[in-house]
Amino acid sequence: MAEHGSPGRLSRLVDTAPLLIFALLLAYIAFEAHNFFSLLSFKLILNQSLPVVIICMGLAFVVMAGGDDVVSGGIDLSIPATAVLCAGIIAQWLATNGSLPVAVALAAGAALLVGAINALLVTRIGMTPLLTTLSMFVAVVGVNNVVTSSRRINVSDPVILWLRDGQIAGVPVGIPIVALIALSFYHLAHRTRIGLNMQAVGGSRDAAETSGLDVKKLQSASFILAATTGFIASFFVLARGSGSSPGVENNLMLEMVLATFLGAAFSGRRVVTLWGAVLGAVLVAAISIGFKSMGVNVFWTGLIKGSLILAVVAFGALAQRGRR
Amino acid sequence: MTELTSNRSSSLLRHLFVRFGFLLAFFAFFVFFAAWNPVFLQGGNLLNIVEGSAILLIVALGMTLIVATGGIDLSVGIALDFGAAFAIVAMKSYGADWITAAALGVSGGSIVGIVNAILVVGLRISPFMATLGTFFIGSSVQRIFTNGGGPISHRRMPDEFRNLAMGDIGGVPVEVIVAAVLCVIYFLVLERSIHGRRIHAMGMQRLASIVAGIRVNRVLIASYIVAAMTCAIGGLIAAASIRMFTPLSGFSYLLDAIAAVFIGAALHPRGRPNVLGTIAGVLFLGMVVNGLNLMGLNFNVKDALSGIILVSALALAVAQRKMR
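Protein chains in written order, with this note's numbering: chain A, 1360 to 1683; chain B, 100 to 423.
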């Protein structure tokens, strides 16, 4: 950016605005709600955000491999539905037959199928990812309602309960597990050939194709990966809700989109990144929990989240315009 | 020889598919439903399909306009809700007559369009994120206003208003007439006027249309407001038919409207969203819902089937266009 002259103070302020907004909001919450910054509530926030963190990383992969135009580029809105379907299959199987390994295998198969259908529709038929995954969301939720008969199913499997209650050195087990998953995804995206190739495809499809990359294969891989994150997230959905309940998918989807695209505002080039998505998911959870502990009426949370997404995205757009 | 004939027959099949694929599917479903339950074919039921699709058709028209400008509108349901809410409250709390109530409803819906226009044109937020934000905020406003989402009922509304949904002129339900009139207006403006040319030009090549002297911002502002007002008209009909305003009920039209528009776009030779295609898409979805209802399936199974049919119909329509 040096060629364009050093950026003025104002544009630097605009650049950091998204982070500033969050910092101010968190400071305000901390001021109003006592003990918000205590270790306990920090753990609570991280624990609550786990399912969203995982599916956000899946969405980040699809966006990285498909380009970040929401309408024509890569997006996968079906991940929350996949997560809920896997949770439903596991809960239903445990309730009727009882063996966890089989349940997990069935759920993994279902997730792979969803990912493969997404990949097929996008790369072979040529449907736009937005349309494909939005309609797949509806279809997958419909299938889940058949699997679970739209009922709540409690799960008392020891493994799921361990994910919910277990602690390692005072830290809920889910947090280090998801941290490990995040690290391995980071490795995949930035340190392996397939991850770097995926990013190349998202950066410029034409350039990637010209230099001999199998664009369709890489984009397919990103959808499969996204479905896999749905599968992984299902365990934490089950743990967080102590079972599978209908209707979780809507909130998951909204939080996933909010967090992932908020995350883009934190990156230097305003693009969706893995870390941005993770940070976005944690911050969204922090703000939800913060307002709850302040005693703010839940009816207002949509308003707050909506204004937040608009403020952050608007500053992002402004910053980009200033830089041109 | 055999190779030649098989080649010819496969190219014939291909030709048939490319030319009539979606129509054949439409027809196949029609025949299937008719064979399953003869009631499907009765005049009254066919009218039911059209009548049941009226609100969706109106919402889908608004969506067609926005997609034609190159955007997407996730807040159509909010505009619909606002239309219903403003009209009901005007009549119930202020004793407005039906014309005033309807006018207030439509202008209430236009607020949503104005907000979208400010976000998209003024702050340059991408339509997806902007309308997602409007959706969050609009949903929250409804919750706050109704104290959590309870319906506002108005049993003794003026007959004239009630007739928007219940009346008929010469045996044709008023809502069908309203939808048809809107279809004609949209068709003339979007497909047969200079304004429509401008909108399509801008949706296809935004930069080129700016260079060509189209006042892109003005067209965009008008489009968002008109689309929201159209959806609000749908809200009036919804309010008249159940004699109440149910918060957040507009959301259920969102996905079907998007699907109808994209089925319609896929049927268009150049893949553009268009009014006739949207009508075909809406009627297809209406027919599937009606036919599945008449099959008397379990509620959950019906839901899942219509989701799967939605994905397949979209895939078929897109595949048909890509093979041209």
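No wet-lab data here; the hints were simulated from the structure.
Every residue gets a Cβ at the ideal spot worked out from N, C-alpha and C, and that includes glycine.
Some hints could be false.
[Stated by the list, open to error] Stretch-level coverage of chain B by chain A, calculated; a stretch enters the list once three of its residues show a Cβ under 8 Å from a Cβ in chain A:
#, stretch
1, 296-308
2, 368-375
[Stated by the list, open to error] Here are the simulated lysine-lysine pairs, DSBU-like style, with alpha carbons at most 35 Å apart:
#, chain 1, residue 1, chain 2, residue 2
3, A, Lys1575, B, Lys191
4, B, Lys421, A, Lys1575
5, B, Lys401, B, Lys421
6, A, Lys1402, A, Lys1651
7, B, Lys191, A, Lys1576
Right, here's what the structure says about each hint:
Here's how the stretch 296-308 of chain B fares: 0 of its residues keep a CB closer than 8 Å to some CB of chain A, so the rule of at least three is not met and the hint is violated. Evaluation of the coverage hint for the stretch 368-375 of chain B: breached, as 0 residues show C-beta separations to chain A shorter than 8 Å, against a requirement of three. With a C-alpha separation of about 57 Å, the suggested pair Lys1575(A) and Lys191(B) falls outside the 35 Å cut-off, and the hint is violated. Distance hint between Lys421(B) and Lys1575(A) is fulfilled; the C-alpha atoms sit about 16 Å from each other, no more than 35 Å.
Our distance criterion of 35 Å between C-alpha atoms is met by Lys401(B) and Lys421(B), whose separation comes to about 30 Å. With a C-alpha separation of about 16 Å, the suggested pair Lys1402(A) and Lys1651(A) falls inside the 35 Å cut-off, and the hint holds. Restraint check for Lys191(B) and Lys1576(A): the C-alpha separation of about 59 Å exceeds 35 Å, so the hint is violated.
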